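Engineer: Here is what each chain is made of, one letter per residue.
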Amino acid sequence: AQSVAQPEDQVNVAEGNPLTVKCTYSVSGNPYLFWYVQYPNRGLQFLLKYITGDNLVKGSYGFEAEFNKSQTSFHLKKPSALVSDSALYFCAVRDMNYGQNFVFGPGTRLSVLP
Amino acid sequence: SAVISQKPSRDICQRGTSLTIQCQVDSQVTMMFWYRQQPGQSLTLIATANQGSEATYESGFVIDKFPISRPNLTFSTLTVSNMSPEDSSIYLCSVAVQGDNEQFFGPGTRLTVL
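Chains as they are written, first to last, in my numbering: chain Y, 1 to 114; chain U, 115 to 228.
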């Protein structure tokens, strides 16, 4: 069975500082990994994905994530946080051997303080 | 990518009634999904909407409670039947596009049941 953990309910960071939102996963096969962001009263917006290739993937709005197979992690990072990055972030995994079913993590609320 | 709209965007309903949510995509897509996001929670997959056949429901969700239609490749409906306050959630439609690995989400329907 697939599962995703986001160990932090809340992350606070000062504007201009680097941010990290953590994600670990468990799948039986090879993972497809995704990050989504949800702003208040909005649907989910796709940020980035890891399918294969370079472990460091770059996505929208200056975000990037690093796939670490040995640690089964896919942490989301940004070098310099903006107040407008404040939102709810979801990590998701899809086991490539089991079709299109996504499993989402519980979400991490990011607050960027001015 | 795909542009997805949902109707209604929000509704307040009385217990015992039913609400049908519509999902429209701007292009033909291979797969459509319905998710539920309960207050303060992550996303849970309700079912995969199959074009021309019965939807595939996840464990804990049944057709009598959440009937789904998908008459063509760009449209689907989800009905929440015989509602109770526990059904108060955001309901999200998502799609998978041929050749893409990620899912794209609609803006969601915020349902409150009194």
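None of these hints come from the bench; they were simulated from the model.
Be aware that one or more of the hints could be misleading.
[To be verified] Quick list of the computed label-pair ranges, beta carbon to beta carbon: (1) Y/Gln10 x U/Thr131: 30 to 40 Å; (2) Y/Pro79 x U/Asn196: 48 to 58 Å; (3) U/Ser173 x Y/Pro7: 22 to 32 Å.
Bear in mind that the values here come from a model prediction, so they are computed numbers and not experimental data.
Where a beta carbon is used, it is the ideal one built from N, C-alpha and C, also for glycine.
Engineer: Now tell me, hint by hint, if it's right for this structure.
Structural biologist: Hints and how they fare:
Between Y/Gln10 and U/Thr131 the beta carbon distance is about 36 Å. The supplied range of 30 to 40 Å therefore holds. Distance hint check for Y/Pro79 and U/Asn196: the Cβ-Cβ separation is about 51 Å, which falls inside the suggested range of 48 to 58 Å. Taken as a hint, the range 22 to 32 Å holds for the pair U/Ser173 and Y/Pro7, whose Cβ atoms sit roughly 25 Å apart.
Comparing the model with each earlier hint shows no violations; every hint is respected.
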